[in-house]
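Trainee: Could you build the full structure based on these sequences and the hints that come with them?
Chains A and B are the protein sequences, given in the same order.
Last residue of the first sequence: number 547 in the UniProt record's numbering, and the count goes up by one each step with no gaps.
Last residue of the second sequence: number 547 in the UniProt record's numbering, and the count goes up by one each step with no gaps.
Hints in this document: simulated from the structure, not taken from any laboratory.
All copies of an identical chain are treated as equivalent in the list; a pair is satisfied when it fits inside any one copy or across any two copies.
Calculated pairs, DSS-like style, for lysine-lysine (alpha carbon to alpha carbon, straight line, at most 30 Å):
#, residue 1, residue 2
1, 64, 22
2, 3, 463
3, 144, 238
4, 318, 389
5, 2, 516
6, 238, 153
7, 407, 238
8, 3, 238
9, 397, 339
10, 239, 117
11, 186, 95
12, 276, 389
13, 318, 289
14, 239, 153
15, 238, 2
16, 117, 403
17, 340, 398
18, 238, 389
19, 407, 117
20, 289, 2
21, 403, 276
22, 3, 498
23, 117, 411
24, 498, 276
25, 187, 117
Remember, it's a predicted structure, so these values are computed and weren't measured experimentally.
Take a look at the letters that make up each chain.
Number of protein chains: 2
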Amino acid sequence: MKKSALQIARAAYQPKLPKALKGSLKIQEGAPTQSVADQDAIAKLFPNTYGMPVLSFIESNEVKNYPAINAGVILSGGQAPGGHNVIAGLFDGLKALNKDSRLYGFLLGPGGLVDHKYIELTQDIIDEYRNTGGFDIIGSGRTKLETEDQFDKGLQIIKELNIKALVIIGGDDSNTNACVLAEYYKKNNTGVQVIGCPKTIDGDLKNEMIETSFGFDTACKVYSEVIGNIQRDCNSAKKYWHFIKLMGRSASHIALECALQTQPNICIISEEVEAKNMSLDDVVTYIAKIVADRAAQGNNFGTVLIPEGLIEFIPAMKRLIAELNDFLAHNSNEFAMIKKSEQRNYIINHLSSENSAIYASLPEGVARQLSLDRDPHGNVQVSLIETEKLLSEMVSKKLAEWKAEGKYNGKFAAQHHFFGYEGRCAAPSNFDADYCYSLGYTAAMLIGEGKTGYMSSVRNTTKPADQWIAGGVPVTMMMNMERRHGEMKPVIQKALVKLDGAPFKHFVAQREQWAKETCYVYPGPIQYFGPTEVCDQPTETLKLEQA
Amino acid sequence: MKKSALQIARAAYQPKLPKALKGSLKIQEGAPTQSVADQDAIAKLFPNTYGMPVLSFIESNEVKNYPAINAGVILSGGQAPGGHNVIAGLFDGLKALNKDSRLYGFLLGPGGLVDHKYIELTQDIIDEYRNTGGFDIIGSGRTKLETEDQFDKGLQIIKELNIKALVIIGGDDSNTNACVLAEYYKKNNTGVQVIGCPKTIDGDLKNEMIETSFGFDTACKVYSEVIGNIQRDCNSAKKYWHFIKLMGRSASHIALECALQTQPNICIISEEVEAKNMSLDDVVTYIAKIVADRAAQGNNFGTVLIPEGLIEFIPAMKRLIAELNDFLAHNSNEFAMIKKSEQRNYIINHLSSENSAIYASLPEGVARQLSLDRDPHGNVQVSLIETEKLLSEMVSKKLAEWKAEGKYNGKFAAQHHFFGYEGRCAAPSNFDADYCYSLGYTAAMLIGEGKTGYMSSVRNTTKPADQWIAGGVPVTMMMNMERRHGEMKPVIQKALVKLDGAPFKHFVAQREQWAKETCYVYPGPIQYFGPTEVCDQPTETLKLEQA
Numbered sequence: 001m002k003k004s005a006l007q008i009a010r011a012a013y014q015p016k017l018p019k020a021l022k023g024s025l026k027i028q029e030g031a032p033t034q035s036v037a038d039q040d041a042i043a044k045l046f047p048n049t050y051g052m053p054v055l056s057f058i059e060s061n062e063v064k065n066y067p068a069i070n071a072g073v074i075l076s077g078g079q080a081p082g083g084h085n086v087i088a089g090l091f092d093g094l095k096a097l098n099k100d101s102r103l104y105g106f107l108l109g110p111g112g113l114v115d116h117k118y119i120e121l122t123q124d125i126i127d128e129y130r131n132t133g134g135f136d137i138i139g140s141g142r143t144k145l146e147t148e149d150q151f152d153k154g155l156q157i158i159k160e161l162n163i164k165a166l167v168i169i170g171g172d173d174s175n176t177n178a179c180v181l182a183e184y185y186k187k188n189n190t191g192v193q194v195i196g197c198p199k200t201i202d203g204d205l206k207n208e209m210i211e212t213s214f215g216f217d218t219a220c221k222v223y224s225e226v227i228g229n230i231q232r233d234c235n236s237a238k239k240y241w242h243f244i245k246l247m248g249r250s251a252s253h254i255a256l257e258c259a260l261q262t263q264p265n266i267c268i269i270s271e272e273v274e275a276k277n278m279s280l281d282d283v284v285t286y287i288a289k290i291v292a293d294r295a296a297q298g299n300n301f302g303t304v305l306i307p308e309g310l311i312e313f314i315p316a317m318k319r320l321i322a323e324l325n326d327f328l329a330h331n332s333n334e335f336a337m338i339k340k341s342e343q344r345n346y347i348i349n350h351l352s353s354e355n356s357a358i359y360a361s362l363p364e365g366v367a368r369q370l371s372l373d374r375d376p377h378g379n380v381q382v383s384l385i386e387t388e389k390l391l392s393e394m395v396s397k398k399l400a401e402w403k404a405e406g407k408y409n410g411k412f413a414a415q416h417h418f419f420g421y422e423g424r425c426a427a428p429s430n431f432d433a434d435y436c437y438s439l440g441y442t443a444a445m446l447i448g449e450g451k452t453g454y455m456s457s458v459r460n461t462t463k464p465a466d467q468w469i470a471g472g473v474p475v476t477m478m479m480n481m482e483r484r485h486g487e488m489k490p491v492i493q494k495a496l497v498k499l500d501g502a503p504f505k506h507f508v509a510q511r512e513q514w515a516k517e518t519c520y521v522y523p524g525p526i527q528y529f530g531p532t533e534v535c536d537q538p539t540e541t542l543k544l545e546q547a
Numbered sequence: 001m002k003k004s005a006l007q008i009a010r011a012a013y014q015p016k017l018p019k020a021l022k023g024s025l026k027i028q029e030g031a032p033t034q035s036v037a038d039q040d041a042i043a044k045l046f047p048n049t050y051g052m053p054v055l056s057f058i059e060s061n062e063v064k065n066y067p068a069i070n071a072g073v074i075l076s077g078g079q080a081p082g083g084h085n086v087i088a089g090l091f092d093g094l095k096a097l098n099k100d101s102r103l104y105g106f107l108l109g110p111g112g113l114v115d116h117k118y119i120e121l122t123q124d125i126i127d128e129y130r131n132t133g134g135f136d137i138i139g140s141g142r143t144k145l146e147t148e149d150q151f152d153k154g155l156q157i158i159k160e161l162n163i164k165a166l167v168i169i170g171g172d173d174s175n176t177n178a179c180v181l182a183e184y185y186k187k188n189n190t191g192v193q194v195i196g197c198p199k200t201i202d203g204d205l206k207n208e209m210i211e212t213s214f215g216f217d218t219a220c221k222v223y224s225e226v227i228g229n230i231q232r233d234c235n236s237a238k239k240y241w242h243f244i245k246l247m248g249r250s251a252s253h254i255a256l257e258c259a260l261q262t263q264p265n266i267c268i269i270s271e272e273v274e275a276k277n278m279s280l281d282d283v284v285t286y287i288a289k290i291v292a293d294r295a296a297q298g299n300n301f302g303t304v305l306i307p308e309g310l311i312e313f314i315p316a317m318k319r320l321i322a323e324l325n326d327f328l329a330h331n332s333n334e335f336a337m338i339k340k341s342e343q344r345n346y347i348i349n350h351l352s353s354e355n356s357a358i359y360a361s362l363p364e365g366v367a368r369q370l371s372l373d374r375d376p377h378g379n380v381q382v383s384l385i386e387t388e389k390l391l392s393e394m395v396s397k398k399l400a401e402w403k404a405e406g407k408y409n410g411k412f413a414a415q416h417h418f419f420g421y422e423g424r425c426a427a428p429s430n431f432d433a434d435y436c437y438s439l440g441y442t443a444a445m446l447i448g449e450g451k452t453g454y455m456s457s458v459r460n461t462t463k464p465a466d467q468w469i470a471g472g473v474p475v476t477m478m479m480n481m482e483r484r485h486g487e488m489k490p491v492i493q494k495a496l497v498k499l500d501g502a503p504f505k506h507f508v509a510q511r512e513q514w515a516k517e518t519c520y521v522y523p524g525p526i527q528y529f530g531p532t533e534v535c536d537q538p539t540e541t542l543k544l545e546q547a
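Mentor: What follows is the structure, given as structure tokens:
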């Protein structure tokens, strides 16, 4: 594989480790833990892995001898910068325990375990991928490890390869499943340990013990780089409003972090929209008002950040979509007979009056998308809706009304962007390179200590890396019971943006000024070699949360 | 203005200069020059600025005393990284000539000169913008300086501010107009000099004497960064074809440079499509064939780079658009009466059979766009066509046909991207920071030497900066006569991708391998502080052209 100059130079970077991981270590155990909610139900579901203590590694003078360990690793779900460093840290950690340890990588996600597709990850392979982005070392996939049949099939290859522990690198769902697997393997006395690692650019896997999921830092910095560039363009040409949608399925952490880094004129936070029970028209009016106010000052330009999941956080839209799903499911034959050009009216005539009015207010393209593009279960595919275009089109319409009423006198022209794939596989920032390597190394130490049902945890991350605290958190500690597909299931609580949290409050305190004035900040691209104040900073979210 | 950490650190960067500009210098004159074509016509139009020699600055021991000079500067057209450094170089150069020199910036483009909108650019202001992206120091605009009335209005403020020379930073058209202005001011003995600077991310302003236009380097590096990130994602998830459109109105230099940097599976070059007289179906078939071949090897993923101007380079599409423009102009009243749902059929029934067949083959959305979205002159707005979606939709249709015929058995899912605004205002790479600063400094020296009708020129740019050759090229030397809006006009020849040039030939030699195998390169973000092989490289295009 031909490498870029940066890749070659960056390969030599030695990620920083917490002090305790640099030599011999011992475990410090905390008190027994409880799940965040539904303690009885969770305890009952996880009799073998519930209530374990939080673990911290501390330095030790005692040199321990560990046996050689065979371990397996799986990348689960969407890519996030730093996955390769988790694997490199895991590999180096296993080798530090015993130089005869081996690491197997299951291919293309959890499916590789079930289907017995794997490679051995040797030193040569690992070295090829240090400090690089992507999950291409073994690939990732979205198969869910949920059934005992899958667990048993996995166990066959685990036994065949004499694997003692499995490390699953994934988001909230994958870590939940990792814990179910840990419980199952323990219950059946298989001797196989399972350790999770907190991954997701969305930033929604975090809690008291997991300060941040890896990849969030790098992805937000890449998005902020291009947002900053767009803002500089916007402020030079002074003629466009840029509507920028940002990846992050449910939570708005990415949009919020990018706003803190770049100071756009507008940033919509889904969690606030839901809490205030805002309608689509409320959101549109909010944006249009700022556009009009800026136009009154002669500024017919600006930037709007939009979280990907917005539509599903607008209560009225959620109700519309629910009724649409229901209506089309029950009338699919009749609907299929309607002429394409008549479908919109047909729907308007058949929905309840509240939902009918909202549906009628939608631009034609979006309305068509809602009624036509459906997933295999017949449901509306909300993620396909181009929210950035939907909003700019509706804002444009509203401004035209205001112009007719003499309330607005400006020019409105929009450009649209959606950033997601641009950041998920970027080469990890120094922060993510260090954090991921530490998470992987910590996972190896948890394996060495015979632990299972734990998530690798590295805390105190706003301090320099040698002050970071490495350890393990029982996955059950982060769980509660939630309804999924009609059934109550134990799941890791998703961390949405907290409206009483420091990052959101910091944003709220400044957004009126950002809307009125032009306060753009231009972060520029991630730097790997420069001064520490440029290269080694965590996210604004993390700094504010830990302040 | 709140600055990012990178901006603060980067402000201290001292751009590198050619050796001759570091102290006293003298001018070396070449032989008299000729325009590239239409010599008689150009000579007749530019009696006062035609035939001047190429100038090079060389070191000198003789210290000259220059009077204080007031100069004006204008940013014209689309943003390009490094514009602020041209102005900083110009400022420092003028101050080096005489510390009492002054620089005025005309606001929001050439219109600022005509409307007498300007600011004085003081040391404080200049320092604030060194090594930053954007044109926000004085803004840019698209007003064309073409009429004598504009020239005379400009002269009023020039005289009022005692300005001796004007520097116009722009693309081919702006530099053509700069030369017309130089000729006019010289003919009228105004004593006002005009100097041009070669700007455009598109890379289409280049020739024997102008090796590259500024901004091309940085913009291509930003696009290649995100393309590389997408490719890493593509190669990790292995489930999408990414269709990536890249800015660059006519020429495909940006797409070609990005292809050389990132090695995508497919890159379309408009100039080749035109030369081979390819139809839209030919382009679609070419892409679909590669998709199918990769699918046969189990690889249902890949990347396609598409130059923004593609549609207008497909001869058959050009004919269709011409007939559509003509037809709709002559039948606008009748067309306005047709029901929206019937418009497509109406057009199909009225076009010539060749164009009718092409129109009928277009996806509905694109067909609608071609017939509905028209500019104020009634013309189809080709730039609004989402070529990346058009191609992926048609590829998908073609693959479905092949599947039915048993010729293809894969999965095809596409993602779409368009990059343009993401790169035009990035902070300039070291190359662009140095090159722009040198261009501006050179412009000051040309002013000091009393020159007019010249473009600032810095050559030998694949060598280290102190070996660069600074000087001036008569703008008339780059001109030929072309038909514009029905009239023959003197214009700077636009540089399209040369099919016999080294960059394209290098690409052609490798593209079959890139299509079949997965040879992605991941350039990563622009680095400003690292090792020289990472930070100080010119574009692949420049390296191949100068090799």
